[in-house]
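K.L.:
Chains as they are written, first to last, in my numbering: chain A, 1 to 211; chain B, 1 to 692.
Errors might be hidden in some of the hints.
Within a straight-line C-alpha distance of at most 25 Å, the following computed DSS-like cross-link-like pairs (lysine-lysine) qualify [as the list claims (entries may be wrong)]:
hint	chain 1	residue 1	chain 2	residue 2
1	A	Lys-22	B	Lys-225
2	A	Lys-22	B	Lys-646
3	A	Lys-22	A	Lys-96
In short, the hints are calculated from the structure, not lab data.
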Amino acid sequence: MTTSNTNLRRHPGLNLGPSHGKAHEEAESVVFGFWVFLMSDLVTFAMFFAIYATSIQATAGGPGNADIVDVTSIALQTGSLLISSLLFGVATVAMKYHSSKRVVILWLLASLAFGLCFLGLEIRDFIDAAEKGAVPMRSSYLSSYWALVGLHGLHVSVGSLMILVVCVQIAFFGFASDVKTRVLRLGLYWHFLDIIWIGIFSVVFLPGLLS
Amino acid sequence: MEHFIFGRLGWDDIAIFDVFRDPTASNIVGSSAGWLAVIGAVIVAALLLIKGWWKPLLFTWLNTTDHKKIGIMYIVVGLVMFARGVAEGVVMRSQYVTSYQGGYLTPDHFSELFSTHGTIMIFFVLMPFLIGFMNLLVPLQIGARDVAFPRLNQISLGFTIVGAMLLMISLVVGQFATGGWTGYPPYTGVAFQPGTGPDYWIWSLGLSGIGTVLTGLNFAVTIYKMRCPGMTFLRMPIFVWTALCTSILLIFALPPLTAVVIMQALDRYLDFHFFTNDLGGNMMNFANLFWMFGHPEVYILILPAFGLYSEFTAIFSGKRIYGYMSLVIATMAIAVLSFTVWLHHFFTMGQSPTINVAFGIATMLIAIPTGVKVYVWIATLWGGRIRMRTPIIYLAGFIVFFAVGGYTGILLANPTVNFAVHNSQFVVAHFHNVLLPGTLFAVLASIYVWFPKFFGFRLDERWSATAAWLFIIGFTFAFMPLYMVGLMGLPRRSPAFDDPSYIPYMIVTMVGALCVLAALCTLIGSFVVSALRRDTLAVPGGDPWDGRTLEWASPAPVPEWNFAFIPTVNSQDAFAKEKAAGTAYEIDCDTYEDVELSPTSWIGLNIIVFGTLFGFAMVFWIWWLAVLSALALLTHSIGLGFVRDKGEIIPASVIERTEKDWIALAAEGPGTERRDEVSPSNRGIAARISEA
Numbered sequence: 001m002t003t004s005n006t007n008l009r010r011h012p013g014l015n016l017g018p019s020h021g022k023a024h025e026e027a028e029s030v031v032f033g034f035w036v037f038l039m040s041d042l043v044t045f046a047m048f049f050a051i052y053a054t055s056i057q058a059t060a061g062g063p064g065n066a067d068i069v070d071v072t073s074i075a076l077q078t079g080s081l082l083i084s085s086l087l088f089g090v091a092t093v094a095m096k097y098h099s100s101k102r103v104v105i106l107w108l109l110a111s112l113a114f115g116l117c118f119l120g121l122e123i124r125d126f127i128d129a130a131e132k133g134a135v136p137m138r139s140s141y142l143s144s145y146w147a148l149v150g151l152h153g154l155h156v157s158v159g160s161l162m163i164l165v166v167c168v169q170i171a172f173f174g175f176a177s178d179v180k181t182r183v184l185r186l187g188l189y190w191h192f193l194d195i196i197w198i199g200i201f202s203v204v205f206l207p208g209l210l211s
Numbered sequence: 001m002e003h004f005i006f007g008r009l010g011w012d013d014i015a016i017f018d019v020f021r022d023p024t025a026s027n028i029v030g031s032s033a034g035w036l037a038v039i040g041a042v043i044v045a046a047l048l049l050i051k052g053w054w055k056p057l058l059f060t061w062l063n064t065t066d067h068k069k070i071g072i073m074y075i076v077v078g079l080v081m082f083a084r085g086v087a088e089g090v091v092m093r094s095q096y097v098t099s100y101q102g103g104y105l106t107p108d109h110f111s112e113l114f115s116t117h118g119t120i121m122i123f124f125v126l127m128p129f130l131i132g133f134m135n136l137l138v139p140l141q142i143g144a145r146d147v148a149f150p151r152l153n154q155i156s157l158g159f160t161i162v163g164a165m166l167l168m169i170s171l172v173v174g175q176f177a178t179g180g181w182t183g184y185p186p187y188t189g190v191a192f193q194p195g196t197g198p199d200y201w202i203w204s205l206g207l208s209g210i211g212t213v214l215t216g217l218n219f220a221v222t223i224y225k226m227r228c229p230g231m232t233f234l235r236m237p238i239f240v241w242t243a244l245c246t247s248i249l250l251i252f253a254l255p256p257l258t259a260v261v262i263m264q265a266l267d268r269y270l271d272f273h274f275f276t277n278d279l280g281g282n283m284m285n286f287a288n289l290f291w292m293f294g295h296p297e298v299y300i301l302i303l304p305a306f307g308l309y310s311e312f313t314a315i316f317s318g319k320r321i322y323g324y325m326s327l328v329i330a331t332m333a334i335a336v337l338s339f340t341v342w343l344h345h346f347f348t349m350g351q352s353p354t355i356n357v358a359f360g361i362a363t364m365l366i367a368i369p370t371g372v373k374v375y376v377w378i379a380t381l382w383g384g385r386i387r388m389r390t391p392i393i394y395l396a397g398f399i400v401f402f403a404v405g406g407y408t409g410i411l412l413a414n415p416t417v418n419f420a421v422h423n424s425q426f427v428v429a430h431f432h433n434v435l436l437p438g439t440l441f442a443v444l445a446s447i448y449v450w451f452p453k454f455f456g457f458r459l460d461e462r463w464s465a466t467a468a469w470l471f472i473i474g475f476t477f478a479f480m481p482l483y484m485v486g487l488m489g490l491p492r493r494s495p496a497f498d499d500p501s502y503i504p505y506m507i508v509t510m511v512g513a514l515c516v517l518a519a520l521c522t523l524i525g526s527f528v529v530s531a532l533r534r535d536t537l538a539v540p541g542g543d544p545w546d547g548r549t550l551e552w553a554s555p556a557p558v559p560e561w562n563f564a565f566i567p568t569v570n571s572q573d574a575f576a577k578e579k580a581a582g583t584a585y586e587i588d589c590d591t592y593e594d595v596e597l598s599p600t601s602w603i604g605l606n607i608i609v610f611g612t613l614f615g616f617a618m619v620f621w622i623w624w625l626a627v628l629s630a631l632a633l634l635t636h637s638i639g640l641g642f643v644r645d646k647g648e649i650i651p652a653s654v655i656e657r658t659e660k661d662w663i664a665l666a667a668e669g670p671g672t673e674r675r676d677e678v679s680p681s682n683r684g685i686a687a688r689i690s691e692a
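Bound-form chain A, shown alone (with noise of 0.2 Å):
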């Protein structure tokens, strides 16, 4: 199992080379481990989507999902998320074939910055659906859109924090096999999310814009 081919083979996202026994023995408890987080994780917004399901008519007589459904701005949210992943793909394959730290840490802030893009368009939703008397205090539908919506935008807030943390790492430590697996790591979350995105999108968002 800890032949040098087993190992290429084993974290195909990252060069921590055939010589590096150790450093592949821990990636693999380390990256199998944030596997078993998402998945937690995963159920966590199941139960939150679940409850959204169920409470698609429960608007109380206030706003309902149609209401508050900005085509242009989940459009132009889905995009940055999406292009916000790509540029942190790009970043991982730059970590891969030696980039320098500095050009690395470029495309993981450019991911970044898509990223607060999607959250900056997300609060302005918020703020807007607000506005219109959408807030989740006013109905249990509105409670459970605030809570699934928002804890996606939670989460989005705490990757990017990470990002931010995770570039202060690299320049610190540059390309250790810690930091590494830490960026594979990030990554995985940060993708993990547009698939929950996807899913509100398809549950939320879809629905009130075909009514």
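Fit chain B to the supplied structure of chain A, relying on the hints for placement.
P.N.:
Chain B only, in chain A's frame:
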């Protein structure tokens, strides 16, 4: 300004002064409990300072990432909370003795008692006990030096302690929830309980839940990735299998609890409407989410206990476990089925009969793998050379009671029967009947079995066996009558009753409760007596019971590095096989290597301090403190990424010396025959027997 500094905390919230304001019986009991907590804390603090124990507490315990010390701390937390849980049980029983058309506790106080009792026993007694044993045993049984993420392990412990601390603080300041351990809204909503109670519930469960899910993650990765060479899945000890299933359950079942706690917090703090009566709130969603966690939780509590029973049944029968494969399959089957039955906790809440039937059948299905397990233990005993030590006493009680508890479970799984007895004392009898003999007896027996491994001396046999008998007798008297009064119609959680025919049963249960209290005292006594006689009870060889799995293949107490070298196994029960072949105490490697221990960390202590402050601040709306504590936690967590501590290096020479001393000890004599194992001649080296 005062409101800014203290939030909604006022002098009236200091519950220990209630007794001076209004000295009713109820207040005397409540305040005395608070005073006990305060005095206990003061005594502990004084001892730490005067005896200088604060130094080892800080520098060898609270900053350690060693799985063995963390496991011991989990079990200590469990024992402290167990004492409170038992005390509350006794107080509740005494209420029932007096509560024919009355009772000396106010209804609110009684409600608070059963709410804290349930919360404590589930989250801060049974779970810390079992997670403690997972910590102690899993790395040793799979031949690893530690868990996959030692620092994360410390973080988990920190969060568990935060929850326990909040519960203890609720005795002294403010009030805990009165809505039961399940905390169903709308009764626990702002409209009906604007006070601190449900908020204590939210933060103690929410914060400790974070720790628990991280434990699940940690042990799943440990078991998947850290097994020693040759330790294939089907060579793992049964306890490791059950720990794996429990970890998987924790990973998938805790998120619904997190979600429901977040939603309840949003309802209470920000006026959301998930579970309120008005504006479209739906409290059925709470019941569903809570039990999506709550039912797997039942198996989180019972599966590791099954694992422990399997381990020591084999040891004290002197033969290998019967039907290993069927135990593994049964464990996995229970783990999977546990996600399909949550609705049986609320058959009567108005869903269609079809749905009830589906969940009823799924529930009954679980009885099949569980029944398989009971037969496996009986078959393991069958034909074995059974030694009637303390663990087997617990096991005997367990098999009988668990069968009874299982049968009543089948009754309750039938929706038509359930409608008749739901919410009655029958249910109380049922779940105590499965959880006490099921989990608690397993843990108490296991403390006896594995205590010598980690402390280097056995527990006194007579005291331990007495405690076991007292627990069994006390349990019988305390809970069997509840089946009767349940069938006669007494609702659970009712502070008083009107039917005089319950009175004799209540007197019997009171006797049982006192007997359990006596058992608890005897248990504590067994620790004290054994510690005083630790020289005669010492088992430096580390194998006092002729154990079968890898954790016995080291001296006692287990050295910090666990194994002198990572073992290689080629069968189940590897240590028993080696002992039978006479190769257990041979030096298997030519050169010893330095071992780097996992680095120490202060994140656990930080979580204990600032997590507790955060929870307290949130309960009392002290927003500045909440923000500061959260920031302290956040900065420390981010800082962890920049810390590159190396752990302590244990030089090869020290490891070699320890290993050779141990082997020399084994070579000294023929070892202990099993009939002498509770005599001082047991030095932890088992006499060789031909058959494994």
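K.L.:
If a hint holds in the structure, say so; if it does not, say that too.
P.N.:
Okay, the hints, checked on the actual structure:
no. : hint                 : in the structure
1   : A:Lys-22 x B:Lys-225 : holds, 13 Å
2   : A:Lys-22 x B:Lys-646 : holds, 15 Å
3   : A:Lys-22 x A:Lys-96  : holds, 18 Å
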